[in-house]
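Peer 1: Listed below are the residues making up each chain.
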Amino acid sequence: MRVFWTLLKREISSAFLTPMAWVLLFFLLLLTGFNFYAGVSSLNHGPTEVTVVESFFNTVFFWFSFLLLFPLLTMRLFSEEYRTGTIELLMTAPVRDSQVVLAKFFGALVLYSALWLPTGLYFLIFWWQTHLQAAGAMGAYFGAYGLLFLMGMFYLSLGCLCSSLTRHQISAAVMTFCLVALFFFTGLLTFLSGQIGTFMKGVTVTFSPIDQMTQFSRGLYDTRAVVWYLVMTALCLFLTLQSLQARRWRG
Amino acid sequence: MITVQGLTKSYGPADAIRDLSFSVDQGEVVGFLGPNGAGKSTTMKILSGYLPADSGEVRIAGFDIFSESLKARSRIGYLPENVPLYPEMRVGEYLAYRASLKGVRSRRIKEKVEDAVQLCGLRHVQKQLVGTLSKGYRQRVGLADALVNEPDILILDEPTIGLDPNQIRDVRALIKGLAARHTILLSSHILSEVEATCSRILIINKGRIVATGTPTELRQRAGVPLSGAVRLEMSTESPLVTLQELNSLPYISKATTLRESEGWVTYEIVPRVEDPRTLLYEEAVRRGWKLRELSAREVPLEEIFSSFVPTSPDQSASGLPAGDHQPERRS
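Sequence order for the protein chains is Y and P. Under the working numbering, think of the first position of the first sequence as 1, with each following residue one higher. Under the working numbering, think of the first position of the second sequence as 1001, with each following residue one higher.
The set of hints was computed from the structure by calculation and includes no laboratory data. Backbone N, C-alpha and C define an ideal beta-carbon position, used for all residues, glycine too. It is possible that part of the hints are untrue.
A few chain Y residues facing chain P, derived, Cβ under 10 angstroms [what the hints assert, rightly or not]: (1) 13; (2) 85; (3) 129; (4) 131.
Straight-line alpha carbon distances no greater than 27 angstroms define the calculated BS3-like cross-link-like pairs of lysine-lysine that follow [what the hints assert, rightly or not]: (5) 1135(P) <-> 1110(P); (6) 1127(P) <-> 9(Y); (7) 9(Y) <-> 1110(P); (8) 1135(P) <-> 1176(P); (9) 9(Y) <-> 1176(P).
Sequences are here, hints too, so could you generate the full structure?
Peer 2: Laid out in structure tokens, this is it:
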């Protein structure tokens, strides 16, 4: 356990010791800031059916920055260590492969959470200025941020897997982006084929992040989504471990 | 401390090492010597637990490197070739991180890092970012990292490559100092390096061990005479000695004039006997020669090495550098 904390500490501090974390934080807050502004100003155009929280988590601005985060957060995890050779020092220290994989994953997850946390300030500011709730109930906040966290886990673990496959950061980033997009846009399958059966339609809607977010940001939790993300995260991390070990066997 | 049995590793169709067997005892400093691409780094990567071998067995302090990897790894300090480091960390920070990773107890980390910093002469760069260090200091940080948890065994892959002569001397002195407390296996393609630091030499070529022993043993085995030519420098003013006279002496097989300048002449003498220096000294006293130098040239390890490792065309390009050795040793 101590080894895991040592590794985790280094993962997190290395992100904040390089400009990466700060640059990401700055631009993410800039984009979501516009997003929040747009959401609030839409209130000027008369009554709407959605709350501020719902509209905040369902815009192009939000989803665009969300999708771009994953390749950026995960591409360096393993690839950089392969390229610079530090992996050799890391793996010859008395550490388990699983500790390395988990530390890298949780390091990325902590960073990811740290990036989203300040967006909560927008809703605080809204409350402070208008003395109105941005959402119908507290459950909406938990739902929206909870789903954000769950989706983050799955997509970050996908990124870990891609990064463990190659020594080229850009290749890892491209692979991550494509895989994340593939899972993200499952909801669009409904539009692609009019012939799609009602069962498949149900499946794609259940696993479409956009539909899930519509539900969760109203405070309606769907356990199928929760289980889906937890299981997929575990699967990806398991595959990452296999990839790390296979790499050592190949030499 | 280190036992290697029948180690084989290939990259695709090319064999990197074939059926390698050797052992290193406690307290030994063993030099792993061979031309570039002989399989030195591959062997060290396997010994340190980074690469698995195709077949064969490696035991580190009694632990199998494959099945008891963590126990074995915690007894090794490994310095990889080219010393990969995290550039964004500070030297002290990095060493503390590595110490913690290697299982040094939290309250002892500071003290161990201090020791390693002291030993490797890193005191004044302790607060510096690793990325801003020169090659020599990076090498020292790598060494400090290898010994921060005081492992029994140090595996050093080309510890002095890319350093300037002063740094090479420093690192060699450091390794010699470490020999008292650690078992050391170091690799090099520079002969004078292993001769200067190691008590035993393993010569490896094309993935096989071709010779092993102390420098003296290797000399004997190679069939090269222990002492080579003798050099004699004397004043031209002293009772004149001609080459003919020298050549007529019974224990001299051949004498040649090496150079003559400013009243001094230097002869090189190939003797018929083991060491003709005392005989020459007595001759000089008897005849009243004014001597300035009488020295034996030791056979350089290069000649021994090339008797074990024939230079093939593909090796001669990357072969042994001639620059960094001292072929002459005055005695």
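Peer 1: Run the structure past the numbered hints and jot down the numbers of the failing ones, going up.
Peer 2: 3, 4, 9
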